[in-house]
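Since the structure of chain X is provided, determine the placement of chains W, L and S on it from the hints.
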Amino acid sequence: MDIELPNNIILTKLEPFFRWALSHSIYMFPFGTACCGMELIAVNAARYDLMRFGVIPRSTPRQADLMTVAGTITEKMAPLVKRLYEQMATPKYVIAIGSCAISGGPYHYDTYSVVKGVDKIIQVDVYIPGCPPRPEAIIHGFMELQEKVRKGK
Amino acid sequence: MLLSLIFIIIQALIVFAIVGAAVAVTLYSEIKVASHVQSKLGYMRTGWHGSLQGIADMIKLLLKEEILPGKIDKLIFLIAPYVAFLPVFLSFIAIPLGPGLIVKDLNIGILYFLAISSVGAIGIIMAGWSSYNKYSLIGGLRSTAQVISYEIPHLLSILPVIMLTGSLSTVSIVNAQEKVWYIFLQPLGFLIYFISTLAECNRTPFDLPEAESELVSGYHTEYSGMRFGLFFMAEYTHVIAGCAMATILFLGGWRGVFLPPFFWFLLKTSFLVFIVLLLRWTLPRFRMDQHMYLNWYILLPLSLFNLIITGLGILLF
Amino acid sequence: MIKTEELYLNVGPQHPSTHGVLRVIVKLDGERIVEAKPDIGYLHRNFEKICESRTYTQVIPFTDRLDYPSSMVNNLAYSMTVEKLAGITVPKRAEYIRVIVAELNRIASHLLSFGASGMDAGAFTIFLYCFREREFIVDLFEMLCGARLTYNYLRFGGVSQDLPEGFIEKTKEFCNYFKPKIDEYEDFLLNNYIYSQRAKNVGILKKENALSYGASGPVLRACGVKYDLRKDEPYSVYNEFDFDIPVGKNGDCWDRAKVRLEEMRQSVRIIEQALETIPDGEYLNSQVPRLLKPPVGDVYHHIESPRGELGFYIVSDGSSRPYRIKARSPAFSNLSIIPLISPGLLIADLIIIIGSLDPCFGEIDR
Amino acid sequence: MGEERIVEIKTEELLKIAEEFKNKGYTYFSFMTAVDEKEKFSLCYRLSSLENKNSITIKVKIPRDNPVIDSLTSLWAGANWQEREVYDLFGIIFEGHPDLRRILLPEYWEGHPLRKDYQDERITKRPDFY
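Order-wise, the sequence lines are chains X, W, L and S. For the first sequence, the working numbering begins at 1 and goes up steadily by one. For the second sequence, the working numbering begins at 1 and goes up steadily by one. For the third sequence, the working numbering begins at 1 and goes up steadily by one. For the fourth sequence, the working numbering begins at 1 and goes up steadily by one.
Derived from the structure by calculation, the hints contain no laboratory data. Each hint should be verified, as a subset may be incorrect.
[As the list claims (entries may be wrong)] Result set (DSBU-like, lysine-lysine): computed pairs, CA atoms no more than 30 Å apart in a straight line:
| # | chain 1 | residue 1 | chain 2 | residue 2 |
| --- | --- | --- | --- | --- |
| 1 | X | LYS116 | S | LYS24 |
| 2 | S | LYS24 | L | LYS206 |
| 3 | W | LYS134 | L | LYS249 |
| 4 | X | LYS120 | S | LYS116 |
| 5 | X | LYS92 | W | LYS179 |
| 6 | L | LYS37 | L | LYS170 |
| 7 | W | LYS71 | X | LYS82 |
If we strip away everything but chain X, and leave its shape as in the complex, we get:
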């Protein structure tokens, strides 16, 4: 519409490429605290092989695009989760795996030390329910995230 348009054009042209690239190359920061962490390993292991989608586990949050919170988050752990999330580089995504990370799950009632859902601390993009969710469900969650990355927030 006006003179400043060319600058914007470059940005909008690059964005689809970036979204495509990011959706196919998600570096995961596997933050597994409890039972769901086992299923997260199983997804990465031989039979389910999450690497097919270009998802690689990285052990430091600095190099990760995605944090998978798998397992119960306690009051003692909560500040650390927040800090790890803040250490990640934008754009960053979070998947909450299992009912503990979604709402506290079986530890929702009568509990004094469990955080009732990781979304009380950080922003969550995809929720994968189950206690623990099956590997197929976790893969579905990752595909949903890819879809979300491609479409933009």
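Chains W, L and S in isolation, oriented as in the chain X frame:
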């Protein structure tokens, strides 16, 4: 003057393209080799059998945010990845890919290669120092110890080859292997060279500076975005450079029958790179003291012994 | 003389090889450990408090989530304790089924721990091989109760369902498939020169210390103490089977891995015998009331879990809810020896030690 | 099956009796725990002898308003963490313990959650079905 400058720039770009392509292929095959060793498939969804994965990774790393953590030594932190990557890349100048396919046939080619490829370790030490992270610091210090010690057998294993050839030029070394490859004259030298190259490139079983299960990610723990990508590329470039040099020194360079010389060179180098990748996914890691023991008590005496035997052989025959 | 200063390194709670959420505050002199202080409790989910407001049956799913790599054994320990408290008898067939699933789960848990001990040393592939075999066991459990990890399969007085059709054949198939794999793993990891150099003479635990710290399971047996509750205080129908108890010599990390490997062999033996001799009959004692109200009193019962002596101490006040449940966690006691055995070693050894103790934080922090 | 015995003793005698048992061969410290019995805390120690394959349970009752008892860390090193856990969850103070800190809960926590009268606004009561 201007023409030669343009010529140099074109040459540099060609080398960069070749190295970049080689690194991309190595990265892809690393994942594929690893996956097939572990009875998995590896990249499958990005292009045909994940062949576009390298492009996706690169675009993503280029456009991602780069974090500068607080309390870092900013200048050193920023230039460390380049210090790690550029020298290794420059070492390709002295590597002949075929007859005449060399940027500059230096008459001190081997010396140049040895000198410049070990500068890359300084980048690692700089990264470890400047990150303000204890894991990085330990990784950087480990790298220092590793470079200082493994440089010696690395050099001593090449000396016999130079003695046999009587020249420091890479092209004349290849030409000298017309009758017999030096691996048959120097099996021990090849072994020592290969092991110390593994150590210089921080590959398993000597990947102590980045030891994932101990030091999180070692020296590049605090790096993100493309600077992390540069460290990644530096490692693989170093592996390729090391293997290419091994091909020239011991496997007769581009020499071979039927196929064009360049393909022979490529084939031999790829075979060595494949072995390096395979080792990564089969062997556990050494501990730091065992690592040093291996160098000072085993490799160093062996390489000295090899040197003396070679000298005696040249004297007698 | 250069003035040096010790370095404090904070390993965890998020670290690639702390097997969950362990935090160890390490005082380093160079790379040598001067002092190591574990800090636990990052997964404290107050199991014991929750149980006080649940009925006895409702506690079973929570025991699944205690020691999640070996849920069946947890179920078994809890059910047996309540059965001892309320005086419930278990039919013979159910006892056999319990032994089979407990031993299968022991293999699954040891596979995980054995693979992880390789991964800590940098051999990533063995871990994925172990996981590949673990998937077969998970499949068997899925046939049995539909869940992959948290089974909730045992009931007071038996099991929730009978063995499904084809389970026995599939389990036999698994045993035949798995036996040669154990030898392969032994060659791949334990006989590997680098791994044996890394793990031998590292983290040596003396017999007296092991007893005084209350260590149990493979950690205790690796020190040369032949103590296994399956043999020493035979529960369920373990006295009907023929199996050996492997013991180590030095009590170092290599011995612990070796003991775990041998135990997998023995578990396969037990499963094969149990599959041959499993009797027909009821799988659940139908006399057990829906809402169990055990008599007033307290009871302690312990069994051999993959990690060691797993016990439940239950205090009943006669109502339908337990007054107090205490889980005697083997990994808790095993982990407490870290400050004893790690000083003087290198930081890389600490990782190997943590892996060899096989901590599971659902159980340590409860 | 090993023989199991239960001994109920007074608070002051704990250290002495425990040492006697240790000398008799009960070298394996299995576990210790506490139970909140409204007026009193009842502590329960379980020791085993691996040679004779029998075990013993020592029970001590201590008053709720003054929950102090001798620590057994000098006899069994394993008592260290177990006593810290009981201190953390019940608030029982062990005299002579080298490092009596909270172990499961963070340092700033107030109260001792396994006491029956523990109040916390974080607790959501579960709706009763039975």
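TODO: List in ascending order the numbers of the hints, as given earlier, that are violated by the structure.
DONE: 1, 3, 5 and 6
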